[in-house]
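**Student:** So the chains spell out like this:
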Amino acid sequence: LAKTTQPISMDSYEGQEVNITCSHNNIATNDYITWYQQFPSQGPRFIIQGYKTKVTNEVASLFIPADRKSSTLSLPRVSLSDTAVYYCLVGDKGDSSYKLIFGSGTRLLVRP
Amino acid sequence: GAVVSQHPSWVICKSGTSVKIECRSLDFQATTMFWYRQFPKQSLMLMATSNEGSKATYEQGVEKDKFLINHASLTLSTLTVTSAHPEDSSFYICSALRNPGNTIYFGEGSWLTVV
Numbered sequence: 040l041a042k043t044t045q046p047i048s049m050d051s052y053e054g055q056e057v058n059i060t061c062s063h064n065n066i067a068t069n070d071y072i073t074w075y076q077q078f079p080s081q082g083p084r085f086i087i088q089g090y091k092t093k094v095t096n097e098v099a100s101l102f103i104p105a106d107r108k109s110s111t112l113s114l115p116r117v118s119l120s121d122t123a124v125y126y127c128l129v130g131d132k133g134d135s136s137y138k139l140i141f142g143s144g145t146r147l148l149v150r151p
Numbered sequence: 011g012a013v014v015s016q017h018p019s020w021v022i023c024k025s026g027t028s029v030k031i032e033c034r035s036l037d038f039q040a041t042t043m044f045w046y047r048q049f050p051k052q053s054l055m056l057m058a059t060s061n062e063g064s065k066a067t068y069e070q071g072v073e074k075d076k077f078l079i080n081h082a083s084l085t086l087s088t089l090t091v092t093s094a095h096p097e098d099s100s101f102y103i104c105s106a107l108r109n110p111g112n113t114i115y116f117g118e119g120s121w122l123t124v125v
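Protein chains in written order, with the working numbering: chain A, 40 to 151; chain B, 11 to 125.
Isolated chain B (complex conformation) (with noise of 0.2 Å):
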């Protein structure tokens, strides 16, 4: 299947300090990109719509001036968690919709730790 990778696995940052993760579509263009977040035993939650060119479109209840998207190219989007809280600890996990088909394929996730 489609590759998509995400950067890095894992981080640990501290309380008021912002964090980026990327998100790349490795072997396809992806002009659409989605951002999750998963608690633990939990199932995942969409963010926002990530488009290439454009302003992210952000779920109701997520902050978009907290939670940055930046899709810049046809391969990368990128997540930046800007003054981080010990309650933004979570898994993000990207994926990308893949032309022909309109297949979406998930990354690996990026765990966030914030102390």
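Pulled out of the complex, with its shape left as it was, chain A reads as follows (with noise of 0.2 Å):
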């Protein structure tokens, strides 16, 4: 399973866009990156998935650049609400033993 480096921890103000990234530089051709948001006393919450490129839904976006070394999640304008720890995790979803192993993740403080 690749492994997967991340800032320990962020710190932001409101309404700005932050950017966390990971790296993950063995990445197996058929893993797919996906970000997970845990609050305390929480289980983690899906926010994103991807293989390459560029990846958007509702809540975040996902940048995947060609080598798939490392990946960028975006948060737009955050809350005080996105105030939590954000894990980015890589995996084969075709293999039958495919399971998520977490890493530190990235503990993002969001001020007012």
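Among the hints, erroneous ones may be present.
As the list claims (entries may be wrong) - To spell it out: a stretch of chain B is covered by chain A in this simulated footprint if at least three of its residues, at any positions, have a beta carbon under 8 Å from a beta carbon of chain A; those stretches are:
| # | stretch |
| --- | --- |
| 1 | 48-56 |
| 2 | 109-121 |
Stated by the list, open to error - Once the Cα atoms are required to be at most 20 Å apart in a straight line, the calculated PhoX-like pairs of lysine-lysine come out as:
| # | chain 1 | residue 1 | chain 2 | residue 2 |
| --- | --- | --- | --- | --- |
| 3 | A | 138 | B | 24 |
| 4 | B | 65 | B | 76 |
| 5 | B | 76 | B | 24 |
| 6 | B | 65 | A | 138 |
| 7 | B | 30 | B | 65 |
| 8 | B | 30 | B | 74 |
FYI, nobody ran anything at the bench for these hints, they're computed from the structure. Beta carbons are placed, not taken as given, at the ideal position from N, Cα and C, and that holds for glycine.
Make the complex out of the two chains shown on their own, each in a separate frame, by following the hints.
**Tutor:** This is the structure in structure tokens:
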């Protein structure tokens, strides 16, 4: 399973755009990149998933360069409620033994 | 998104007793579910992969006789912590693999306190 590396923590202010970058140098050809958000005492919540280029949904965008060795989660105009831990994970969804191994995640603090 | 529910949300039990935590996929069938534990301020640690109709696959270092996993139906997996000790106190989280798409969704988590 490819290992991911993220910044331990980030600070931002309300209304700003936040970009969290994740490194996954050993990503395999069939691996997908998935981001989750976790609030204290709750299970992780699925945010977005992608394979290459750019993916956008109603809450975030995911940018993946051509070499796929990194990815960037972009949160537009964050609010205080976006303060959470964000996890980047990679894995082969097509593998019968597909599972998610969590790294340390990025603690995002949004200040007023 | 898909809904995965855990029960109970929190439980307190005495040392030496066993406690069962249920994980249900409410709006999809899941042949594969996963169990994690998480200590305060730490990341999630995968304990085991639960496969419907077959034995669970445990991660290295996880005692299969202590953490019994049963996945008897396509919507329910259970984790039983046997002979619980205070060091088993933790936040236990399950997740389920939804097809098509192979996206994994997580439950709300269950706090276990062993006294």
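**Student:** Which hints, by number, does the structure contradict?
**Tutor:** 3
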